[in-house]
Amino acid sequence: LAKTTQPISMDSYEGQEVNITCSHNNIATNDYITWYQQFPSQGPRFIIQGYKTKVTNEVASLFIPADRKSSTLSLPRVSLSDTAVYYCLVGDIRSNYQLIWGAGTKLIIKP
Amino acid sequence: NAGVTQTPKFRILKIGQSMTLQCAQDMNHNYMYWYRQDPGMGLKLIYYSVGAGITDKGEVPNGYNVSRSTTEDFPLRLELAAPSQTSVYFCASSKEVWNEQFFGPGTRLTVL
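So the protein lines, in turn, are chains A and B.
Going by my numbering, the final residue of the first sequence carries number 111, and the count climbs one at a time with no gaps.
Going by my numbering, the final residue of the second sequence carries number 112, and the count climbs one at a time with no gaps.
To be clear, the hints were calculated from the coordinates, so they are not data collected in a lab.
Given the structure is predicted, the values throughout are model-derived calculations rather than measurements.
Selected chain A positions facing chain B (in silico; Cβ < 10 Å): (1) T4; (2) T34; (3) Y36; (4) Q38; (5) S41; (6) G43; (7) P44; (8) F46; (9) I47; (10) Y51; (11) Y87; (12) L89; (13) G91; (14) W101; (15) G102; (16) K106.
Below 25 Å or equal to it, Euclidean Cα-Cα: the simulated SDA-like pairs (lysine to any residue) are: (17) B:K9 to A:F46; (18) A:K106 to A:N19; (19) B:K44 to A:I8; (20) B:K57 to B:S94; (21) A:K69 to B:N99.
Cβ atoms here follow ideal geometry from the backbone N, Cα and C, with glycine treated the same way.
Isolated chain A, as found in the complex (with noise of 0.2 Å):
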């Protein structure tokens, strides 16, 4: 099964760019690299998709090397409103693999 894994937390200043990294070494060649941002008792909120090379939308940026063994989010000039969980979702459940969820990144931004 595809199993992803970033940082359990990272901090991070208002106007700075934050870069998340995680890591999903048997990724199959189906899969998408899906990143979604969650706010407490919230549900999930879709950030950017991306397969290969790199995906810009106007929230942020997805960075995914030939390997696709990683893939790295980007959020350019980040507020204090962007404090919050960042989860990495690789799996396509057209195949044998599932929906696999990692655990989770928690940025925290201060002013």
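Chain A is fixed; fit chain B onto it per the hints.
Showing chain B alone in chain A's frame:
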């Protein structure tokens, strides 16, 4: 659009009781999912559905049952509740399996 709705928001059960957690989506999504999230942990997939009438087990299906008679609704049934089922339950939906999942607000369940 209301998105994904879940009821109830909170519930306390006694050991051995049963209950149904309701989930509905109004986005005409094919895929629906049930997750549980224990404190400080990631989400674990309980069951999922690829369309009306089709369901399949996820990572932790024991003690739960689901049905999907319509595109909109995906109830989760707990039979013989146990303290180990104390958790927050999230329902989610997506148009296709590779699309983003939209989550409901969750149901906080305590089994005493």
